[in-house]
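So the sequences go chain by chain: A and B. Using the working numbering, read the first sequence as starting at 113 and increasing by one per residue. Using the working numbering, read the second sequence as starting at 2 and increasing by one per residue.
These are calculated hints, taken from the structure and not from any lab test. Keep in mind that the hints are not guaranteed to be accurate.
Unchecked claim - Simulated coverage check for chain B against chain A, where a stretch passes if three residues somewhere in it have a Cβ under 8 Å from a Cβ of chain A:
no., stretch
1, 10-20
2, 38-49
3, 54-65
Keep in mind it's a predicted model, so treat the numbers as computed, not measured. Note that beta-carbon positions come from the ideal geometry of N, C-alpha and C, so glycine has one too.
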Amino acid sequence: MQDGIIYMDNAATTRVDPAVVEAMLPFFTEKYAVASSQFSHSPGIEVREALDAARATIAQALGAAKPEEVIFTSGETESNNWALKGMARAFRGKKNHLIISKIESRSVLDTAQALEKEGVRVTYLDVDGEGFVDLEQLRASITDDTFLVSIQHANEEVGTIQDIDAIAAIVKERGVAFHTDASQTFTKVPLNLAETPADLVTITAHLIHGPKGIGALYVREGTPIAKWMHGGFMEFNLRGGVENVPGAVGFAKAVELTSATQVEYMSSLRDRLIDGIMARIPKSELNGPRYRRLPNNVNISFHYAEGESTLLHLDMMGIAVVTGSACFSRSLEPSYVLMAMGKTHEIAHGSIRYSLSRYNTAEEVDRVIEATAEVIETLRRISPLGKDEK
Amino acid sequence: MPIPYSEKVIEHFKNPRNVGRMEDYDAKATEGSPACGDMVTLYLKVDEATKTIQDIKFESYGCASNIATGSIITELAKGKTLDEARKINWKAAAEELGGLPAVKVHCSVLAVDTLRAAIRNYEERHGLVADREPTTVEVVEKRLRHVMNPLTGLDIVKTHVVKQMDVSNGVVTVWVDLTRDHQFANNIEQEIRERLEPLWDVAEVRVIFNDDEQE
Numbered sequence: 113m114q115d116g117i118i119y120m121d122n123a124a125t126t127r128v129d130p131a132v133v134e135a136m137l138p139f140f141t142e143k144y145a146v147a148s149s150q151f152s153h154s155p156g157i158e159v160r161e162a163l164d165a166a167r168a169t170i171a172q173a174l175g176a177a178k179p180e181e182v183i184f185t186s187g188e189t190e191s192n193n194w195a196l197k198g199m200a201r202a203f204r205g206k207k208n209h210l211i212i213s214k215i216e217s218r219s220v221l222d223t224a225q226a227l228e229k230e231g232v233r234v235t236y237l238d239v240d241g242e243g244f245v246d247l248e249q250l251r252a253s254i255t256d257d258t259f260l261v262s263i264q265h266a267n268e269e270v271g272t273i274q275d276i277d278a279i280a281a282i283v284k285e286r287g288v289a290f291h292t293d294a295s296q297t298f299t300k301v302p303l304n305l306a307e308t309p310a311d312l313v314t315i316t317a318h319l320i321h322g323p324k325g326i327g328a329l330y331v332r333e334g335t336p337i338a339k340w341m342h343g344g345f346m347e348f349n350l351r352g353g354v355e356n357v358p359g360a361v362g363f364a365k366a367v368e369l370t371s372a373t374q375v376e377y378m379s380s381l382r383d384r385l386i387d388g389i390m391a392r393i394p395k396s397e398l399n400g401p402r403y404r405r406l407p408n409n410v411n412i413s414f415h416y417a418e419g420e421s422t423l424l425h426l427d428m429m430g431i432a433v434v435t436g437s438a439c440f441s442r443s444l445e446p447s448y449v450l451m452a453m454g455k456t457h458e459i460a461h462g463s464i465r466y467s468l469s470r471y472n473t474a475e476e477v478d479r480v481i482e483a484t485a486e487v488i489e490t491l492r493r494i495s496p497l498g499k500d501e502k
Numbered sequence: 002m003p004i005p006y007s008e009k010v011i012e013h014f015k016n017p018r019n020v021g022r023m024e025d026y027d028a029k030a031t032e033g034s035p036a037c038g039d040m041v042t043l044y045l046k047v048d049e050a051t052k053t054i055q056d057i058k059f060e061s062y063g064c065a066s067n068i069a070t071g072s073i074i075t076e077l078a079k080g081k082t083l084d085e086a087r088k089i090n091w092k093a094a095a096e097e098l099g100g101l102p103a104v105k106v107h108c109s110v111l112a113v114d115t116l117r118a119a120i121r122n123y124e125e126r127h128g129l130v131a132d133r134e135p136t137t138v139e140v141v142e143k144r145l146r147h148v149m150n151p152l153t154g155l156d157i158v159k160t161h162v163v164k165q166m167d168v169s170n171g172v173v174t175v176w177v178d179l180t181r182d183h184q185f186a187n188n189i190e191q192e193i194r195e196r197l198e199p200l201w202d203v204a205e206v207r208v209i210f211n212d213d214e215q216e
């Protein structure tokens with residue numbers, strides 16, 4: 113990335129830590145044997161050991177009982193596809209009802225819609241004005257026909273952290289399998305699978321300064337999920353194909369490099385940004401909760417200033433953010449997350465998401481507050497809206 | 002750049018011309034709404050004898066394409082007669098701007114429509130408009146030619162998205178050759194409604210998709 117750019121789109125992807133790249137390199141040019149060749153030659157055994165070690169590191173971070181519960185995939189989208197389709201397939205002809213929330217990531221929503229076309233019945237749970245799932249509606253929606261409940265740990269757009277223990281308890285009480293997409297929270301928000309009874313958990317490397325193209329699905333022992341990729345016995349006969357060992361090693365290294373101190377640091381930057389903008393810019397509104405919020409997420413709507421124009425001005429000033437405005441989306445629809453939260457179209461059109469990482473600084477945050485204030489003032493000056501109100 | 006805009010669009014977006022509010026205007030029009038994401042207000046000062054636009058100003062709540070088009074059409078319209086200014090279409094504006102991404106054409110059309118609405122507003126205020134014409138299928142078709150299919154950047158009449166139109170007893174029905182799950186179904190329906198609902202003798206607009214229940 114060009115020097116001087118302030119990158120605040122870390123909910124989309126993050127910069128890979130140089131130490132991660134360092135750890136991966138030998139697995140391209142030296143230790144490149146196939147990990148599943150462990151019965152054939154010693155180069156294969158060496159690589160197998162690296163893969164096992166990476167799996168153990170990630171399993172430990174999740175609080176998994178066994179490393180074999182961590183199955184490597186290509187990332188969040190694949191893990192979510194597998195969790196939903198793999199369970200639907202396993203229960204085909206027996207159970208036919210899936211429950212998700214209205215603010216799941218695209219890969220859960222689109223997969224649920226694809227399953228609907230195949231005849232699966234899907235319930236989409238409502239969320240409140242801050243993005244929290246309605247627990248009573250969840251309780252009332254589970255039937256004897258339900259094969260899976262899938263609710264994200266936290267929302268990538270507005271940062272809402274669900275009460276995952278309460279949700280898991282409600283689902284498990286009915287003996288139904290529970291999946292959560294923890295891509296945004298892994299290593300940022302505590303999730304200990306020794307205590308939280310989730311059966312399937314999606315995680316990914318590129319949101320924690322690891323490489324793209326590697327993630328995992330945690331599959332609790334005994335979960336009857338159908339095999340995903342056919343073509344070999346790799347990944348405990350659940351996902352065929354040559355293992356992405358450089359990716360797995362990089363993923364594990366990225367996990368090792370995370371710490372509670374970094375989470376506290378990101379939270380302090382988040383609070384500085386929220387407080388700074390709210391104090392500096394009138395008619396701005398925080399989307400999502402003030403607390404129980406991802407440590408790196410800020411989402412604010414500015415009245416009378418359209419999001420794409422705000423984003424473009426910030427982009428020209430070297431600041432990378434995104435908006436929930438319809439003008440910025442391919443479908444010309446405003447953010448479905450904000451709409452599900454009952455926000456108006458105008459709030460969605462004026463929303464800007466800033467997502468932080470450990471590489472951002474307090475100085476950058478202060479510059480972003482000033483730049484945003486300047487841009488919003490410019491856009492409000494040319495806007496036909498808001499001038500008659502005092 | 003998040004969206005592939007031309008340099009000229011960016012230049013006008015950064016430094017829009019003729020922007021702001023006019024207090025002593027002769028005509029004014031507003032098109033769009035905050036809900037649809039774009040809204041333009043345009044003011045005219047017109048020389049009564051020559052019918053030329055002496056001054057023009059616009060305000061925009063909208064994306065870059067909307068702001069840049071507002072800027073360019075006000076530049077083009079200034080000094081022109083009302084009849085000349087009315088002929089400025091979004092194609093001329095888009096060409097002047099070095100092209101617009103197809104998905105953004107509708108935002109630009111809105112700015113052009115606001116100019117036309119302001120001209121009409123002037124003519125109505127000065128008794129230059131003939132009596133209200135009743136809404137016919139031809140009137141509907143003419144209006145729908147301003148609704149773009151964002152996938153192609155072409156209007157929905159020309160691209161045969163509109164299958165059939167009917168006007169009877171104040172109810173306008175438009176059949177569109179799309180299913181409800183089309184990427185732009187909601188968007189297109191909303192725009193059709195925005196174009197037809199303001200017509201003085203229209204009480205209801207019905208938009209029928211291929212997979213809607215037929216009565």
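(request) Enumerate the violated hints, using their earlier numbering and listing them in ascending order. (result) Those not satisfied: there are none.
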